[in-house]
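> Chains as they are written, first to last, in my numbering: chain A, 2 to 115; chain B, -14 to 97.
If you're looking for bench data, these hints aren't it; they were derived computationally from the structure. Do not take every clue at face value.
[What the hints assert, rightly or not] Computed cross-link-like contacts, DSS-like style, restricted to lysine-lysine with a CA-CA straight-line distance of at most 27 angstroms:
no., chain 1, residue 1, chain 2, residue 2
1, B, Lys41, B, Lys22
2, B, Lys96, B, Lys56
3, B, Lys(-10), B, Lys53
4, B, Lys41, B, Lys53
5, B, Lys22, A, Lys10
6, A, Lys72, A, Lys58
7, B, Lys22, A, Lys58
8, A, Lys58, B, Lys(-10)
9, B, Lys39, B, Lys22
From a predicted model like this one, the values you see are computed outputs, not experimental measurements.
Below, each chain spelled out in residue letters.
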Amino acid sequence: NAGVTQTPKFQVLKTGQSMTLQCAQDMNHNSMYWYRQDPGMGLRLIYYSASEGTTDKGEVPNGYNVSRLNKREFSLRLESAAPSQTSVYFCASSSPTSGSYEQYFGPGTRLTVT
Amino acid sequence: DQQVKQNSPSLSVQEGRISILNCDYTNSMFDYFLWYKKYPAEGPTFLISISSIKDKNEDGRFTVFLNKSAKHLSLHIVPSQPGDSAVYFCAASGDQGGKLIFGQGTELSVKP
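Starting from the given sequences, assemble the full structure and let the hints guide the process.
Have a look at this one:
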């Protein structure tokens, strides 16, 4: 089992460019999440998907869109990148409906916007 | 408004001694708490959790204590080992959908 995989690992964008971060999980989890981690800020939830076909905003959704393509895949899109979106992005998955709140994280994508 | 706070950005302890990491929360609706460990350039990994119906949970060298009246939890690592050096995040959930609110993290350094 690969767990949670993310692509790419690193990306440099110019202001105004767009890109999509990909995430996939092979644990048959219902819920998937996108976080960003900034120094001194912990992990902040951008968007989440409680189940296939549903998505909801988290704490910091502005500037992002998401797609829950199927049960395995959850992508994050930056339509017009800004320097404030320079961060490390983590995808996670869990199965809270089974009583387990533990989230399993991918290795992260380090994004720099110049 | 930071609902989950880790007020110590860093902690340094000697190998073999106890490490105590602290976390405070403000939302009384939180009913499940977790600790994650994160090494550089890796994703966070789950360490240990506790439900609000308990006040202590142990797993090997790791013990989490929950004081609901003080809205405080702590992670004890005994004995500390150099491989425990990492950033530790506490997280809380009060949401049936499984959303977690994370603290800012504490960087633990265990000196040989």
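> Evaluate each hint against the coordinates.
Right, here's what the structure says about each hint:
Only pairs whose Cα atoms come within 27 angstroms are accepted, and Lys41/B paired with Lys22/B is accepted, the gap being roughly 19 angstroms. Distance hint between Lys96/B and Lys56/B is unfulfilled; the C-alpha atoms sit about 31 angstroms from each other, more than 27 angstroms. Note on Lys(-10)/B and Lys53/B: the hinted pairing holds, with a Cα-Cα distance of about 15 angstroms set against a maximum of 27 angstroms. Between the alpha carbons of Lys41/B and Lys53/B the distance comes to roughly 11 angstroms, so the proposed pair stays at or under 27 angstroms and holds.
For a cut-off of 27 angstroms, the pair hint linking Lys22/B to Lys10/A stands: about 20 angstroms separates their Cα positions. Of the pairs offered as hints, the one joining Lys72/A and Lys58/A holds, with about 18 angstroms between alpha carbons and a cut-off of 27 angstroms not exceeded. At most 27 angstroms may separate the alpha-carbon atoms for a hinted pair to count; Lys22/B and Lys58/A meet this at roughly 26 angstroms. Taking the CA atoms of Lys58/A and Lys(-10)/B, the gap is about 22 angstroms. The hint holds against a cut of 27 angstroms.
Between Lys39/B and Lys22/B the CA atoms are separated by roughly 22 angstroms; this keeps the pair inside 27 angstroms, and the hint holds.
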